[in-house]
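Enquirer: Sequence:
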Amino acid sequence: MNAAYEKLLGGRSGALGLLVMAALLLVVFPLTLDMFRLNLVGKYLSYAFVAVGLVLCWGYGGILSLGQGVFFGLGGYCMAMFLKLEASDPISTKIQSTPGIPDFMDWNQITALPAMWEPFHSFAFTIFAVLAVPTVLAMLIGMAMFKRRVGDVYFSIVTQAIAAILSILIIGQQGLTGGVNGITDLKTLMGWDIRTDHAKLVLYFVNAGLLFGCILFGRYVLGSKLGRLLVAMRDKEERVRFSGYDVASFKVFVFCAAAMFSAIGGAMFTLQVGFMSPSFVGIVPSIEMVIFAAVGGRMSLLGAVYGTLLVNFGKTYFSETFPELWLFLMGGLFIAVVMYFPNGLAGLWQTQGKRLMGKLRGEPNAKAAVAAEPLKTTPRPSTPDTKRDGIEPGATLEASK
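Each step along the sequence shown adds one to the number in the UniProt record's numbering, with nothing skipped, and position 249 is 249.
The reader is advised that the hints may include incorrect statements.
[As the list claims (entries may be wrong)] No farther apart than 27 Å at their CA atoms in a straight line, the calculated lysine-lysine pairs in the BS3-like style are these:
| # | residue 1 | residue 2 |
| --- | --- | --- |
| 1 | K200 | K315 |
| 2 | K187 | K94 |
| 3 | K225 | K236 |
| 4 | K43 | K315 |
| 5 | K200 | K43 |
| 6 | K187 | K200 |
| 7 | K187 | K43 |
| 8 | K147 | K236 |
| 9 | K225 | K147 |
These aren't lab readings, by the way, just hints derived from the structure by calculation.
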């Protein structure tokens, strides 16, 4: 019981952090925000899935992926395909040249539903595809790279190139993917209208629940032997390899886990926002997702969530208040974090927050406590140290004198 408590919740401090976040996301926000703002927070939380995955992959595994938008987009597109097929029934599309297919296909003179779209009539297959397609792609990329010991900046460049390639591919295949506009006008989920306020509230809580599930899974991984191996690989990869561990397999696993987290976030984004486009797949959104984790603290799962909320709230607030300057303000925020808070919000809490909490509880300052503590000296042993005192082995004390 204690072992599970430590692994899942991270001990007393970890459980308290989860409780505070749960109160904020599940109680404070729903009670204080109107539905428009709450739906915005739900959209931000869908990005937090990517940031949590990056904490595992980058913070602990040392694998900086600049292409997480690929997996976010794939999960979102899989969900969007199901929703679009449901919205494209023959009655709703009777004015088209070919009723029963998505509108953008009809605009591109496609007269039959492509074979790759057929399985997405099933919601069960869609859920499977949301989880499996990005994970399989991540496994193929990881095995191709890590088995050949390609890492560090080279791996980051390759993932960035994959993001650019997929974005161009989606835009180019307009008849299959909707092109630059993406897949839009998503209305219902198995007959349930997802555009109503009640539906948005339900999806918000589902989104938050899945996010907490990913955080608990991440804590379980980090609290296990695998978590210690990830840190060891990040710091001394060759030493771990020479100890007999298959480093490449561990890297593939954590990279696939981060991809699956991103895909879940993409699917929830599609459900809450009602569309998916290639603008969430390319290089720029992928780098922004890394910034979310960096601002929150790349060594903290909860910090990644707070960092995502802070950055996206800043984007919304600055763009509404200072429409001509908001990009400069966001750039200044990122520069300030890198220069003054290199460990993000989590590092700031570790250095300043706990000290402040200690003062509020009346605890003495740690430095003052150390200064007030009497100097402890180690008494000289009564028997001489032969190597230190220059006494030959076997010699007596009198002879040494």
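Enquirer: Hint by hint, note whether the structure agrees.
Expert: To see whether the hints hold, each was checked on the structure:
no., hint, in the structure
1, K200 with K315, "22 Å, holds"
2, K187 with K94, "17 Å, holds"
3, K225 with K236, "16 Å, holds"
4, K43 with K315, "13 Å, holds"
5, K200 with K43, "11 Å, holds"
6, K187 with K200, "12 Å, holds"
7, K187 with K43, "17 Å, holds"
8, K147 with K236, "17 Å, holds"
9, K225 with K147, "22 Å, holds"
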